[in-house]
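So the sequences go chain by chain: W and C. Numbering follows the UniProt record's numbering, with no gaps: position 254 of the first sequence is 254. Numbering follows the UniProt record's numbering, with no gaps: position 413 of the second sequence is 413.
Keep in mind that the hints are not guaranteed to be accurate.
Identical copies look the same in the list; a pair holds intra-copy or inter-copy alike.
With a cut-off of at most 27 Å between alpha-carbon atoms, the simulated BS3-like pairs for lysine-lysine come out as follows [to be verified]:
hint	residue 1	residue 2
1	K139	K351
2	K117	K200
3	K47	K226
4	K342	K47
5	K117	K266
6	K3	K47
7	K183	K389
8	K200	K3
9	K402	K342
10	K47	K200
11	K47	K221
12	K110	K200
13	K171	K117
14	K139	K99
15	K110	K342
16	K47	K183
17	K47	K340
18	K241	K47
19	K158	K221
20	K171	K389
21	K342	K171
22	K342	K158
Worth flagging that the hints you see were computed from the coordinates, not collected in a lab.
Number of protein chains: 2
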Amino acid sequence: MLKIAMLSTGEEVLHGDIVDTNAAWLSQLFFENGFSLSKRSTVGDEKSSLVEELMMLSFNSDVVIVNGGLGPTTDDLSAEAAALAGEVELVEYPEWTEKLEAFFAARSVKMPESNRKQAMLPQGSVIIDNPIGTACGFKVTINQCDFYFTPGVPSEFKLMVESQILPDLKKHHPNQTGMDCSKLHTFGTSESALSDKLDKLELPEGYFLGYRSYIPYIEVKLFGPKGDMERRVKLLQLIFKLIEEHVVSVDESMQQHVAHLVIEKKQSISTAEQSTQGQLSSWLHANEDAAEYCGHGWVLGSRLDVGQNEHDALAAAFALAGATKDKCGTDISIVTGRVKEKSFSVAIATKEGEWGQTLSFNRTYSNQDRVLVITTVAADMLRRYLSSKPVFPHYSSLTREKEMFVPQSALMAK
Amino acid sequence: MLKIAMLSTGEEVLHGDIVDTNAAWLSQLFFENGFSLSKRSTVGDEKSSLVEELMMLSFNSDVVIVNGGLGPTTDDLSAEAAALAGEVELVEYPEWTEKLEAFFAARSVKMPESNRKQAMLPQGSVIIDNPIGTACGFKVTINQCDFYFTPGVPSEFKLMVESQILPDLKKHHPNQTGMDCSKLHTFGTSESALSDKLDKLELPEGYFLGYRSYIPYIEVKLFGPKGDMERRVKLLQLIFKLIEEHVVSVDESMQQHVAHLVIEKKQSISTAEQSTQGQLSSWLHANEDAAEYCGHGWVLGSRLDVGQNEHDALAAAFALAGATKDKCGTDISIVTGRVKEKSFSVAIATKEGEWGQTLSFNRTYSNQDRVLVITTVAADMLRRYLSSKPVFPHYSSLTREKEMFVPQSALMAK
């Protein structure tokens with residue numbers, strides 16, 4: 001079996017100043033493609049620890065992905081450590097010096113002297129292109145182990161891995177068979193509630209379920225053999241049926257899914273936000289094509305109350321949704337009311353009628369997470385309306401205190 | 001120097017299903033207390049990899065914290081692997097069996113047979129109490145290296161580390177002194193430009209600089225001996241002077257700093273956003289106390305243009321800022337105009353006058369990052385105004401195409 005390791009470098013990763021999302025991302029991508037990591041490690045910027053770890057990994061692995069330490073500053077030592085570990089010289093790669101000079105010339109800036117270092121690589125390396133940054137990656141063999149060195153900046157790292165490193169691995173190790181992974185994104189339930197429903201399911205050999213939980217979603221993942229499409233689709237349908245009420249999207253994020261619905265249904269949308277303070281508008285704008293359907297949005301100052309007391313909050317949000325829709329001339333309007341104690345109201349006005357609900361939190365959230373949950377509830381009302389699903393589902397993490405629906409015909413009659 | 005490592009275990013950590021927040025937390029806590037980690041590693045649940053890694057760490061470290069794999073299920077193998085690596089037997093610790101029985105009795109549940117395994121520890125171990133869970137930790141010495149085994153559940157792990165492991169380390173290694181770290185957050189420049197300016201600085205023994213780059217900020221970090229306050233403050237002042245133009249906050253995030261300025265200056269703020277789509281409003285609301293000063297906000301539909309062509313964009317944003325301020329009755333209003341080609345306009349209206357600028361991006365950003373940069377430019381105008389600094393600085397990552405300032409007196413005269 002191919003032994004693959006990843007080494008993350010940098011004091012800021014080692015000392016926990018930043019969470020190593022590059023490593024989590026790579027692990028998952030490699031796992032899905034049949035290149036499961038057998039080990040990950042992290043060291044700081046000290047040259048001796050770097051060299052020591054590179055040596056250790058070279059003896060115990062077939063492939064190592066090294067991340068970070070390719071920048072222009074003096075604490076970026078990955079290339080130097082690789083040369084030491086491989087007992088070769090650092091040499092200038094003139095093609096990269098030229099790229100660097102062109103990069104800065106295009107920005108009408110003189111290349112800082114410190115960047116010159118980024119073209120110095122261990123002798124025998126093969127450059128891995130970085131089309132969006134100044135740090136090139138490189139591949140070099142040390143003690144018969146293939147090392148891929150990559151920059152720490154996530155966008156540069158990810159592009160390099162997807163477009164160059166993974167294809168190179170597949171070329172050199174064509175017999176690694178990956179797993180397929182399907183993801184069902186759920187909202188408003190708990191991991192144990194999901195697993196209680198799914199544990200009964202008998203999965204065929206080679207298939208298994210995984211869960212990944214992060215506010216506000218829980219992902220259910222079905223792992224199984226690559227290319228086994230017919231069986232996979234049937235299994236997904238079974239799983240979907242068992243947890244349908246909570247599934248907000250399949251194999252795409254909820255945000256992408258809602259964007260696709262908006263584009264498909266060609267519905268223009270306006271917003272009026274109190275508790276979500278612009279985040280709902282921002283959420284709806286994330287997809288550039290769906291953003292074309294976004295009409296105006298209001299963020300209501302925190303000193304202005306929508307509704308004087310809890311009884312009024314729902315009615316006020318409800319009325320505001322209708323008024324916003326009329327005023328903006330959009331097909332749909334969504335309103336998030338202020339949080340009072342532990343409850344909040346959300347309302348959606350459409351050409352078929354208006355829905356409004358007051359919900360309360362069943363657990364304690366940070367302010368930031370609270371905003372995220374309210375934004376998601378509001379977006380979920382839109383998703384449910386656009387997919388002709390019941391607009392008021394059962395959420396185990398939220399209690400519905402009140403709900404209200406008035407069809408368009410009744411609104412017209414007023 | 002004491003060599004301390006951390007080993008995280010579990011397929012879900014290795015394969016990136018969960019981000020290893022325990023490791024980030026421990027690294028930071030240990031760093032601040034003078035027990036800097038020299039290495040972190042992660043392996044899966046396979047017994048052979050676990051034993052191999054424990055052996056390797058035992059030869060290269062003085063202290064190792066192992067996290068995870070102490071649960072009751074068959075894939076929890078840390079205690080067994082420790083016994084194998086240390087060449088001792090697993091033996092029952094009756095005091096933990098009693099605790100387990102009491103734990104379940106208190107919940108009126110019969111103890112599942114699988115939990116009995118949690119009282120089986122390598123011979124010679126010392127139990128580390130877990131007051132809130134069924135997995136006890138333990139300390140055991142393998143090849144003269146002290147291993148502390150801890151449960152993966154974050155709350156149990158953290159309590160154990162804080163109340164038992166860290167105090168034990170301090171008792172056995174009383175001479176470890178931690179480091180202090182000061183952070184200067186910068187915006188609108190590059191890591192190489194910063195290091196070109198700071199590289200000349202001769203730092204005293206024990207002090208060094210680190211950089212951390214993530215859109216839209218670059219942090220400059222000054223590491224140095226603990227408690228050396230007078231010298232640290234002087235160094236910080238030196239560093240600050242060299243890069244003052246780009247520093248947006250010191251030892252707090254820019255968002256916190258701006259929130260504190262808003263509260264201190266008691267300035268109410270309204271917003272009108274086109275390119276930032278609600279994100280500026282959301283940014284300003286993040287601090288609950290500062291949110292009290294947020295007046296209304298508008299998000300302008302993407303079909304509505306502020307300004308018909310590039311020439312008009314700045315004038316339009318400028319006019320809109322004044323109108324929004326008057327209409328909302330706030331002290332300040334901030335406007336972000338639409339992105340055209342690669343340029344965008346931002347304007348701020350205050351009681352002292354109005355500032356507006358059109359900037360263009362010098363590099364390619366994702367849509368999301370572009371919004372983040374524009375939001376930060378707008379917030380930076382607010383910060384500069386509130387701290388009586390020049391509102392138009394030099395940004396190396398952005399080119400200023402136009403700027404405009406009209407003092408309040410001239411606005412009144414119109």
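Violations among the numbered hints: 1, 4, 5, 8, 13, 17, 18, 20, 21
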